[in-house]
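**Student:** Both chains come to you apart, so use the hints to assemble them.
Residue numbers (this note's numbering), protein chains in the order written: chain A, 1 to 229; chain B, 230 to 624.
Derived from the structure by calculation, the hints contain no laboratory data. Note that the structure is predicted; figures quoted are calculated from it, not measured. Careful, some of the hints might be misleading.
Calculated pairs, SDA-like style, for lysine to any residue (alpha carbon to alpha carbon, straight line, at most 20 Å) [unchecked claim]:
| no. | chain 1 | residue 1 | chain 2 | residue 2 |
| --- | --- | --- | --- | --- |
| 1 | A | K113 | B | V534 |
| 2 | A | K113 | B | R530 |
| 3 | A | K113 | A | R124 |
| 4 | A | K203 | A | P40 |
| 5 | A | K203 | A | I38 |
| 6 | A | K203 | A | Q91 |
| 7 | A | K113 | A | L99 |
| 8 | A | K113 | A | R76 |
| 9 | A | K113 | A | H80 |
| 10 | A | K113 | B | F232 |
| 11 | A | K113 | A | I96 |
| 12 | A | K203 | A | L225 |
| 13 | A | K203 | A | R221 |
| 14 | A | K113 | A | T84 |
| 15 | A | K113 | B | W531 |
| 16 | A | K113 | B | S529 |
| 17 | A | K203 | A | S41 |
| 18 | A | K203 | A | G178 |
| 19 | A | K203 | A | L176 |
| 20 | A | K113 | B | M230 |
| 21 | A | K203 | A | T177 |
| 22 | A | K113 | B | Q233 |
| 23 | A | K113 | B | H532 |
| 24 | A | K203 | A | E223 |
| 25 | A | K113 | B | Q535 |
| 26 | A | K203 | A | N189 |
| 27 | A | K203 | A | D180 |
| 28 | A | K113 | A | H85 |
| 29 | A | K203 | A | L184 |
| 30 | A | K113 | B | R231 |
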Amino acid sequence: MTSQPLLSIRDVHRDYATVHAVRGVSLEINRGEYVAVIGPSGCGKSTLLNLLGAIDRPTRGTVSIDGTVVSSLPDRDATHFRLTHIGFVFQRFYLIPVLTARENVELPMAEAKIAPPVRRERARELLGYVGLAERADHRPAELSGGEQQRVAIARALANRPTVLLADEPTGELDALTGSDVIALFDRLNRDGMTMIVVTHDEKLAGAARRVVHMLDGRVVRDEPLLRRA
Amino acid sequence: MRFQLAALSLRRHASRTLLAMLGVAVSAAMLLDMVMLATGMRESFASLLGRTGFTIRVSPRGTLPFDSEAMIGQASEAQAAMYRIAGVTAVAPVLGATIHVLGHATPITAFALGVDPAVQGDYQRLEGTEPTAPDALVASDALLAALAARIGDTLDVAVGFDPQLRTYTGRRRLVVTGRARFIYLSATDRAVALQLGALQAMGGVDRSDRVSLFMLRTAPNVDPEVARAAIERALPRVTALSTAGAIAEAEHRLSYFRQLAFILGAVSLVVGFLLVTTIVTVSVNERIGEIAVMRAIGVSRWHVVQQIVIEGIGLSLTGAAGGLVLGIFTARYLNSILRGFPGLPDAIEFFLFQPDAAFRALGLLVVSGIAAGIYPSWRAASLPISSTLREEAVG
Chain A
1 MTSQPLLSIR DVHRDYATVH AVRGVSLEIN RGEYVAVIGP SGCGKSTLLN LLGAIDRPTR
61 GTVSIDGTVV SSLPDRDATH FRLTHIGFVF QRFYLIPVLT ARENVELPMA EAKIAPPVRR
121 ERARELLGYV GLAERADHRP AELSGGEQQR VAIARALANR PTVLLADEPT GELDALTGSD
181 VIALFDRLNR DGMTMIVVTH DEKLAGAARR VVHMLDGRVV RDEPLLRRA
Chain B
230 MRFQLAALSL RRHASRTLLA MLGVAVSAAM LLDMVMLATG MRESFASLLG RTGFTIRVSP
290 RGTLPFDSEA MIGQASEAQA AMYRIAGVTA VAPVLGATIH VLGHATPITA FALGVDPAVQ
350 GDYQRLEGTE PTAPDALVAS DALLAALAAR IGDTLDVAVG FDPQLRTYTG RRRLVVTGRA
410 RFIYLSATDR AVALQLGALQ AMGGVDRSDR VSLFMLRTAP NVDPEVARAA IERALPRVTA
470 LSTAGAIAEA EHRLSYFRQL AFILGAVSLV VGFLLVTTIV TVSVNERIGE IAVMRAIGVS
530 RWHVVQQIVI EGIGLSLTGA AGGLVLGIFT ARYLNSILRG FPGLPDAIEF FLFQPDAAFR
590 ALGLLVVSGI AAGIYPSWRA ASLPISSTLR EEAVG
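Next comes chain B alone, as it looks inside the complex (with noise of 0.2 Å):
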């Protein structure tokens, strides 16, 4: 009966009840809505990072993957030298440069990943074959699409340009084998990949046995920080990030972000908490009569309290409920505002639904909602019946 007394009494102010709901719906979809952004990001990188199977990125020393135009010299020897550590299945290098692809009215600029196409992580094939040709390259679509090319077109691509004698330096006829998704890159980025000696032949010598970086595989059974230090320490040239280090280098850029994210799940956590205190306070008071004479009829104060209790619990689990649906909706609407950002790689999601977050951050919400019943129930389950009803009747 406590149940139905607890339906009936929220039944009882159904537009105040309803309003309630709403605002813990608010309160919790912002909640959620943190959980998923102070998790999002990180837990995306991640997935990126692992997702070809890597587990180690070399780069000059003192830099990160990309960060700055150095490159890492003799790349044919420091290759050679990885593949002699322990435990390291795979090194596949990549170059990266600016292109030009000429004979349009104005040329196309766009980047290039010179790789090894049988040990490379950096593009998925959709269509075609892999640019194993010295004359071959995959395509992003957004280049195609600049180009209005297609598979089988023969594009005049220049890696330079010289100011003063304003010609194209390092052309070349390549032969587009394949349409491709770029994994680092967004899907609005103009890109091709192609074999790393063709890319270092049309560099000249200022590219000739670079590398931007390293990417390597290592076998299971072989802590991927134990091969990085010993790289390190093979080439004192290069710094070695794992990707177990690569994740906490962005969790620890991302620390503001996830600070905010916290302090703003916490302020809505909060005002959930005192919004069913205000509303179950209000409703005992409203009802102090009524809780007085249940008592002189001889109903317990525990069994009072349960039922505000319940009331409150109903009011938070409705309201979870429903954040949780305003959540996921209104995340989805920022993740695609957030991922137009130009440059970010199409896997990074900002707003990440992960089960156990989202339902823990929830239970929360509606633990502080069994904790805001519970004051006002006792305080009201407690006052002396006598006097409250002389009160109540002279009111």
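Chain A with its partners taken away, still in its complex shape (with noise of 0.2 Å):
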């Protein structure tokens, strides 16, 4: 018996005008798995992330997520299915400079109208699984960037999501802080959380457990890691 996969992508295609950013793409991602697409500048990787993640739809194909055919759902739904299903990590972090770190990670569940005082409870809960408890109530202006981009992986854990989104999310970092943010995905996957990442890093493709390889739009390989110890 084989499991139904949780990411199902079918001959995706995205073309822009005259340029065909991903070309006939199709891919299969289970629970659990951590993959890592790489390929040089311009070759859709970000792209895909963008289809996988519901904020891009394809010219041509199908993305599926969890049984949901998100490449056909109206904005509305789409938006709804990104606030519940999906966390996103940027390379530019992206937090809301006016609020605080903890109001940064509650306002995904405050979207999701989750009551204040679970949403406090859960935020707290989060910053400390990131090592940011006792930066809580500091402004992304006050924090470093590894630290801004954990705040941004909190909030991307908000609402429970199926899967993490993150495209370069080291691109920023320097080599210690973004080894810091390696090993805090290496430990969200160990914790059963399906992730995708696309990266330049190196050291975080080495780090996922299936590498998929792109070049002008397309996948030509596609390959597991071995499991380090």
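**Tutor:** Encoded structure:
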């Protein structure tokens, strides 16, 4: 008996005017997998991530997550799907500068109409998980880049997503703080989170359990990595 | 959390927000002042005319009260005819004349009203007694001050001057029996009121049985317009004007004034709208990346719009509140200047605060603030998330 893949991409294309960013990609990702998507700049990996995260729609083909064909959802439903099923981590962190770390983590929960006491407690837990319990009341400008990215990861986990998508999460970090994020991602995956990471960072890609190589909008190699001890 | 986020976003650029609020406040103050100006004169004029309960003014045919020196002859007969008209409960004759108070280095000129003290609506006695005797008068404070006179003093008064004989005519010694505030005159006007018969007698044949106007009261259940029409039918040599007609006439004469106020009010509303639109647009453009991320993590388009519109409402409401205070102070100051114009009745206000009109105008400003926030926020919330994030990352 084979289990249903969590994410399924079938013959997905994404064209922007004359640019073919993604050309006929098919991919299946199972629950609990940690996948790194790598490739040169402009090969379509970020576009693929956006399609997986339902913030963009394929020109052709289907994207299904946990049984839902997200590629055909209307905007309102796609927004709600992102809120409840997808966790996003961006290269530039994109925290709301006027909110504290705790409030940033609470934001998706507030949108999901979770009661204030519950979301405060959950934000506290998540900030503790990423090692920032003591920095909960600091605003992004008072945090280092690594700390900001950890807050962004906590925010991505707020509504207990089905999958965590990260686009160059170590791209703006130095080697040391980048290693902290890699270790955090590793811990997250060990705790059961399905993760897809788009990266140029060899260390981050090396931490994944499976690496998908892209070139010119196509998947050219898809290989599992040996698990480290 | 949307309210908190909106408040914090406004605080993010505190000086810009403060300047925008000040701008909206100035715009709101101007709008409020224009509303107060557009209605102030009309309302205070209506209040002035209605104050003493007289509902009809009767003047010589083709004139307005005290519009000319024309007089109504055979006044006793006309008065009797008006009393015969159904619904007329009181007829107050008024004769206006210029008098000279002698006995000083230079005679002091004043305006005299000959009235029936029992039925008059021209002054309010402040002190002393009514001028019921033929040699009595009440005077305005301005005249008493100019004469250095007080109640009980006797004045040497003339109603005319013969340039050939170089003598004053119609002289009589009159006793000041009271101080009065003249309703249709300014506080600085020098004026007296005395018995109609006394003033007519002082004026000789030129004023014998003549009056400048009649003021009439009508019964509450009688339409003044009906009584007015009946008067004009009964007395073809007069023009009768109801209070409503007088207000309409005043409104007609003030129409340019009101149009100006309307245009300036509309301009200030547009300025307020553009100011809030500009500030919200600048603020939204600065946060395109943030907004795209909010959308990416699942914040709905409508909630993004709501949050930004709340910012616009915050700006407009605070500005409107400031504008209310600023507008009232400005109106008071301008009113004090304009009321200094010579000859204006003391009761006339140029700027009149009417809560309904004021709050409607400020409400309109707040609504325009809401409208100002909708377009930029909807545009920002509708941008394609992925390409916006890509552009922001490159930028």
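**Student:** Look at each hint and say if it fits the structure.
**Tutor:** The hints, checked one at a time:
1. Restraint check: the Cα-Cα separation between A/K113 and B/V534 comes to about 17 Å, which is no more than 20 Å; the hinted pair holds.
2. Among the hinted pairs, A/K113 with B/R530 is consistent with the structure: their alpha-carbon atoms are about 16 Å apart, no more than 20 Å.
3. Simply put, A/K113 and A/R124 have alpha-carbon atoms about 17 Å apart, close enough for the 20 Å limit, and the pair holds.
4. For the proposed pair A/K203 and A/P40, the alpha carbon gap of about 16 Å is at most 20 Å, so the pair holds.
5. The hinted pair formed by A/K203 and A/I38 meets the criterion: a straight-line CA distance of about 12 Å does not exceed 20 Å.
6. Taking the CA atoms of A/K203 and A/Q91, the gap is about 16 Å. The hint holds against a cut of 20 Å.
7. A hinted pair counts as satisfied when its Cα atoms are at most 20 Å apart, and A/K113 with A/L99 qualifies at roughly 18 Å.
8. At most 20 Å may separate the alpha-carbon atoms for a hinted pair to count; A/K113 and A/R76 meet this at roughly 16 Å.
9. Pair hint A/K113 plus A/H80 holds up; C-alpha atoms about 12 Å apart against a cutoff of 20 Å.
10. Distance check on the hinted pair: A/K113 and B/F232 sit about 15 Å apart at the alpha-carbon level, within 20 Å; holds.
11. A C-alpha spacing of about 19 Å is found between A/K113 and A/I96, which places the hinted pair at or below 20 Å, so the restraint holds.
12. Note on A/K203 and A/L225: the hinted pairing holds, with a Cα-Cα distance of about 13 Å set against a maximum of 20 Å.
13. The straight-line distance between the Cα atoms of A/K203 and A/R221 is roughly 18 Å, inside the 20 Å bound, and the hint therefore holds.
14. Taken as a hint, the A/K113 and A/T84 pair is honoured in the structure, with Cα atoms around 11 Å apart against an allowance of 20 Å.
15. At roughly 15 Å between alpha-carbon atoms, A/K113 and B/W531 fall within 20 Å of each other, so this suggested pair holds.
16. Only pairs whose Cα atoms come within 20 Å are accepted, and A/K113 paired with B/S529 is accepted, the gap being roughly 12 Å.
17. Straight-line distance between C-alpha atoms of A/K203 and A/S41 comes to about 17 Å, which keeps the hinted pair within the 20 Å bound.
18. Between A/K203 and A/G178 the CA atoms are separated by roughly 9 Å; this keeps the pair inside 20 Å, and the hint holds.
19. The straight-line distance between the Cα atoms of A/K203 and A/L176 is roughly 11 Å, inside the 20 Å bound, and the hint therefore holds.
20. A threshold of 20 Å between alpha carbons decides the hint, and for A/K113 with B/M230 the separation of about 10 Å falls inside it, so the pair holds.
21. Of the supplied pair hints, the one linking A/K203 and A/T177 holds, its CA atoms being roughly 12 Å apart against a limit of 20 Å.
22. A distance of roughly 15 Å separates the Cα atoms of A/K113 and B/Q233; the hinted pair therefore holds under the 20 Å criterion.
23. With a CA separation close to 12 Å, the supplied pair A/K113 and B/H532 stays within the 20 Å bound.
24. Only pairs whose Cα atoms come within 20 Å are accepted, and A/K203 paired with A/E223 is accepted, the gap being roughly 16 Å.
25. The suggested pairing of A/K113 with B/Q535 holds, with an alpha-carbon distance near 16 Å, which does not exceed 20 Å.
26. For a cut-off of 20 Å, the pair hint linking A/K203 to A/N189 stands: about 16 Å separates their Cα positions.
27. The hinted pair formed by A/K203 and A/D180 meets the criterion: a straight-line CA distance of about 11 Å does not exceed 20 Å.
28. Between A/K113 and A/H85 the CA atoms are separated by roughly 15 Å; this keeps the pair inside 20 Å, and the hint holds.
29. In summary, the hint linking A/K203 to A/L184 is supported, as the alpha carbons are separated by about 13 Å, within the 20 Å threshold.
30. The hinted pair formed by A/K113 and B/R231 meets the criterion: a straight-line CA distance of about 12 Å does not exceed 20 Å.
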